[in-house]
Amino acid sequence: KAGVTQTPRYLIKTRGQQVTLSCSPISGHRSVSWYQQTPGQGLQFLFEYFSETQRNKGNFPGRFSGRQFSNSRSEMNVSTLELGDSALYLCASSYGPSNDRGYSNQPQHFGDGTRLSIL
Amino acid sequence: AQKITQTQPGMFVQEKEAVTLDCTYDTSDQSYGLFWYKQPSSGEMIFLIYQGSYDEQNATEGRYSLNFQKARKSANLVISASQLGDSAMYFCAMREASSIKAAGNKLTFGGGTRVLVKP
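Quick note, the sequences are listed as chains E and U, same order.
For the first sequence, the positions run 1 to 119 when my numbering is used.
For the second sequence, the positions run 1001 to 1119 when my numbering is used.
In case anyone wonders, no lab produced these hints; they're calculated from the structure.
Hints may contain errors.
To be verified - Have a look at the derived ranges for each label pair, beta carbon to beta carbon:
1. Asp1055(U) <-> Ser51(E): 35 to 45 Å
2. Gly40(E) <-> Leu1084(U): 44 to 54 Å
3. Gln17(E) <-> Arg1063(U): 43 to 53 Å
4. Ala1081(U) <-> Ser79(E): 43 to 53 Å
5. Ala1081(U) <-> Glu52(E): 16 to 26 Å
6. Ser79(E) <-> Asn1058(U): 38 to 48 Å
7. Gly42(E) <-> Phe1012(U): 34 to 44 Å
8. Ser1042(U) <-> Ile12(E): 10 to 20 Å
9. Ala1081(U) <-> Gln18(E): 46 to 56 Å
10. Glu82(E) <-> Ile1046(U): 24 to 34 Å
11. Pro1040(U) <-> Gly40(E): 17 to 27 Å
12. Arg9(E) <-> Gly1010(U): 20 to 30 Å
To be verified - If you want a taste of the chain U side facing chain E, the calculated C-beta under 10 Å gives, among others:
13. Thr1007
14. Gly1010
15. Phe1012
16. Gln1014
17. Ala1018
18. Phe1091
19. Arg1095
20. Phe1109
As the list claims (entries may be wrong) - Covered stretches of chain E, going by a simulated chain U footprint (3 or more residues, C-beta under 8 Å):
21. 30-42
22. 75-82
23. 87-94
The beta-carbon is built from N, C-alpha and C at its ideal position, and this holds for glycine as well.
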């Protein structure tokens, strides 16, 4: 079974530009989450999509946006890039639905990440 | 307050010895899940083990076991018979039921523990 695929692996941009990152989840997974990882802030949740709907959004400015397609593939977009956006962006997929107790034991499976550098 | 605390920023362990990585958490939810992930220097996040708040038995997966003490809100990871390939960052993460019901699969991560296995 193919894992989570993120493209591109590396990206170099300059301030003010915009960028689009792509994530293909594991087949059958309907939930896709995005995380930003930096040395200073650690791993921070960006947003999650389930069945093409954003279910939750982290505490990031509106420059960060995303979407999910009918095949569960997801993209995230960052506009007007700033130096502080340099980070490893990780995508994770999981099956999605909760069990009767209101939680799911299905782990999120992560891709290899996209390393974004802003010059 | 931090929801996930990993107090050991880094540690050395001798090959073939066991190591315990500490994780304490803070939640008011009755239903939650705790996860451990491994991140090698290449960047990908590898799922290791899961413990649900209602699980009575401590989780085990091969050389990984989770010492779950619910009353103390701790979920320490034990790696037995350490191997050189275990050198990596290790993250403890939590998914709360309120997160799932209201907002899906958001994971909250600790700051991580870097493990270096010495030959």
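The hints, checked one at a time:
no. : hint                                : result
1   : Asp1055(U) <-> Ser51(E): 35 to 45 Å : 28 Å, violated
2   : Gly40(E) <-> Leu1084(U): 44 to 54 Å : 29 Å, violated
3   : Gln17(E) <-> Arg1063(U): 43 to 53 Å : 45 Å, holds
4   : Ala1081(U) <-> Ser79(E): 43 to 53 Å : 49 Å, holds
5   : Ala1081(U) <-> Glu52(E): 16 to 26 Å : 45 Å, violated
6   : Ser79(E) <-> Asn1058(U): 38 to 48 Å : 46 Å, holds
7   : Gly42(E) <-> Phe1012(U): 34 to 44 Å : 22 Å, violated
8   : Ser1042(U) <-> Ile12(E): 10 to 20 Å : 19 Å, holds
9   : Ala1081(U) <-> Gln18(E): 46 to 56 Å : 48 Å, holds
10  : Glu82(E) <-> Ile1046(U): 24 to 34 Å : 30 Å, holds
11  : Pro1040(U) <-> Gly40(E): 17 to 27 Å : 21 Å, holds
12  : Arg9(E) <-> Gly1010(U): 20 to 30 Å  : 27 Å, holds
13  : Thr1007                             : 14 Å, violated
14  : Gly1010                             : 14 Å, violated
15  : Phe1012                             : 21 Å, violated
16  : Gln1014                             : 28 Å, violated
17  : Ala1018                             : 23 Å, violated
18  : Phe1091                             : 7 Å, holds
19  : Arg1095                             : 7 Å, holds
20  : Phe1109                             : 4 Å, holds
21  : 30-42                               : holds (count 4)
22  : 75-82                               : violated (count 0)
23  : 87-94                               : holds (count 4)
When the structure is compared with the earlier hints, violations turn up for hints 1, 2, 5, 7, 13, 14, 15, 16, 17, 22 and for no others.
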